[in-house]
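Heads up: the sequence lines are chains A and B, in that order. Residues -2 to 431, numbered by this note's numbering, are exactly what the first sequence covers, in order. Residues -2 to 431, numbered by this note's numbering, are exactly what the second sequence covers, in order.
Keep in mind the hints are simulated off the structure, nothing from the lab. One should not assume that every hint holds.
Identical copies look the same in the list; a pair holds intra-copy or inter-copy alike.
[As the list claims (entries may be wrong)] In silico lysine-lysine, DSS-like type, Cα no more than 30 Å apart, as pairs:
#1 K106 - K387
#2 K387 - K128
#3 K387 - K39
#4 K46 - K329
Number of protein chains: 2
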Amino acid sequence: MESRTYTTDATPGDEATVAGWVHEIRDLGGIAFIILRDTTGKIQIKFEKDEMDDDLVETGLGVHRESVIAVTGAVEKEERAPTGVEIVPENVDVVAEADPELPLDPSGKVDSELPTRLDNRTLDLRKDEVKAIFEIRAELLRSVREQFRELNCTEINTPKIVATGTEGGTELFPITYFGEEAFMNQSPQLFKQLMVGSGLERVFEIGPIFRAEEHNTPRHLNEATSIDFESAFYDEADAMDACESVVIAAYEGIAENCQEELEALGLAETFEVPDEGFPRLSYEEAIERINATGELDEQLVWGDDLPTEGERALGDEMGQHYFITEWPSEIKPFYIKDMDDDEQLSTGFDLMHPSMELVSGGQREHRFEHLVEGFEQQGLDPEAFEYYTKMFRYGMPPHAGWGLGGERLVMTMLGLDNIREAVLFPRDRQRLSP
Amino acid sequence: MESRTYTTDATPGDEATVAGWVHEIRDLGGIAFIILRDTTGKIQIKFEKDEMDDDLVETGLGVHRESVIAVTGAVEKEERAPTGVEIVPENVDVVAEADPELPLDPSGKVDSELPTRLDNRTLDLRKDEVKAIFEIRAELLRSVREQFRELNCTEINTPKIVATGTEGGTELFPITYFGEEAFMNQSPQLFKQLMVGSGLERVFEIGPIFRAEEHNTPRHLNEATSIDFESAFYDEADAMDACESVVIAAYEGIAENCQEELEALGLAETFEVPDEGFPRLSYEEAIERINATGELDEQLVWGDDLPTEGERALGDEMGQHYFITEWPSEIKPFYIKDMDDDEQLSTGFDLMHPSMELVSGGQREHRFEHLVEGFEQQGLDPEAFEYYTKMFRYGMPPHAGWGLGGERLVMTMLGLDNIREAVLFPRDRQRLSP
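With the rest of the complex left out, here is chain A:
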């Protein structure tokens, strides 16, 4: 099949073999058309019944929609054809016949509900606008990695099977590991920290994370892709700079390389790369501004986590990406360092898209004694994490980093309603297959 021609490369005057799916069959009586679709686009195949071999016509027009066929013939100019060219077939091979009934309509004429689409992703991804999401997702990961390279990061891969979770036993999926209890890792947090204490200094990882959270919302997944960054000798401001550069690089990559996909999604005109210099709001300012919107039934007070409606109200006002900094220490995890001049305040930060949180980060606690204290305050047994804490006794530099939700970045970038749209085979409480 390597000698086949992609539909978009079929040039009038050539003899070509194209192969793909039967997108549409239009039978007008004496003349009939097949619109053949491949990964690059579509092409019209013309059947003039009276002038062609009966077997050829019968084979071509006898297939069901979405069958795979290979067509050899002369490529001709035809202004009335959708792409300005058509093929007059000399041979049609039915490569893989499709059933007459399909569980969903890849031509997009009939809409399907999300569960049906997810059950039949193979067919769902034959639609240009669905395929576009995953082409964009792939380009996003490429652009992000490229930016990590600019930042002199080394890619790491850390284990997904672990003896202890990052933040204790809640929200962990248990595994049976050769008779021992183990868990699927909910974050590479502790491992990436161990690495910046080595000779690597600055690292990134893009990989799956697993969270046994019970809530079923359009913004949560039980298996997600985390984009993690960590650097030695960084403070939280450095980490925010790196974070902003990575998010902007993702948008730039899409703007540069995915115009066709943005068009398929109807976003070509509106897609914008965010400006540099994301505003940095303190937590205190954030709750004041949320309270001032009057959107919440109850006023937020210091120490409250930001409720979803609060994030939305603030996001509407901000209208762009922004950081929230200087969180109360008590609502940030043990591994986030407190401010040197006020231990009620933490160096933790979140990066917010107007519609939701994208990133959580901060400077890390690198001082052994403080770290062990933090474990105890959080009700965790430092002994269970000794593999991690003991490395802080052998020269652990100050460091900072963050984790970015890959699917949330895709979702907010493309304005998707449900995070499941950004995953090929999502996992949630109800969905374990396919």
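Once you have looked at the hints, place chain B on chain A.
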């Protein structure tokens, strides 16, 4: 810390702040030296005791090895210094003091056993030759992705939590998933096949795979990195071409971008990019040649799998990468297509490095009826895989692909004795932490 200078950038005549680990302290009496190490290299710090502030000398020379310090001072030319320059300190900050006793010696003067090294990866990776492995691993993944881009592949991410394994229930780690039984996926095989039947056509994935294999050898991991490729409209020969190009691209990337790391590993002189055109040997030829070596106690007969000693004996003869093709159908999995002209022979292939198998691939069975038959012959229940098989009824093109063991590629490329050397935090029967 952003204003610090990396040791390799310290230029005579400048005032600089360098930060890193105390690699070595040499006290010669009136004069003493600290060798400071950062991610780029090392630099000498000179303490002339009589001419310097006592506090400064005490602070600098009072720290233990592997502590993190920041040193500000004038950079001066000094031919007797290891790198030709040294710093005369005006200020020394002890950033993170290390314990006097270390579980292993990052200077490499005292060797440690692998288990000690793996328990203390943070310290282990402070050694140039260990760090080099992981810098090379990162560059290898980058080069491989670049080649996939050349091949017009779309990156995909498929789920690691699954309801059914690729090849049935053996060798799967069970998970408790919201009260239901699930498994960690042993291969993205079925998912990547589902994707080439969509509009994506050609895909790759680099991600973790999980195998509950009991054997504990220097070549097996229970959690590994799989480099997966799949393309619609490819046959096994096309897939082998793509595979060869990816392996060569990995070597080329290292040769071009990792000279320093190869030097740290003592491989700068001997590292070679394999020539194009890996030989393709049929299974029949392979067993004949193995039998002819006389290395096996018992002669191989048609249908035998190749034992490790057989692979080694043949590898020694071949002395380069080579493919083994035309395997007996009965020893290849159900999803591998048989040859059209002889169904005793399969389209499956393995790519071999002289020392071990690297890749397993083949053309896939894309015909619904044959696929379901294959499941039954393998003793698997086709119903349990209906999410997969049913997509073969809606126009599944012929396709082929392969899976490449990421750690084996690193291991064979660098001549490592144990595959655990190629993983930051390996998982095996005995090792679940760190």
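Verification of the supplied hints:
1. K106 - K387: So K106 and K387 pass the 30 Å test across copies only (22 Å; inside, 60 Å).
2. K387 - K128: between (47 Å within a copy, 20 Å between copies)
3. K387 - K39: Classified as between; 25 Å across copies, 60 Å inside a copy.
4. K46 - K329: neither (72 Å within a copy, 46 Å between copies)
Hint 4 from the list above is the single one not met by this structure.
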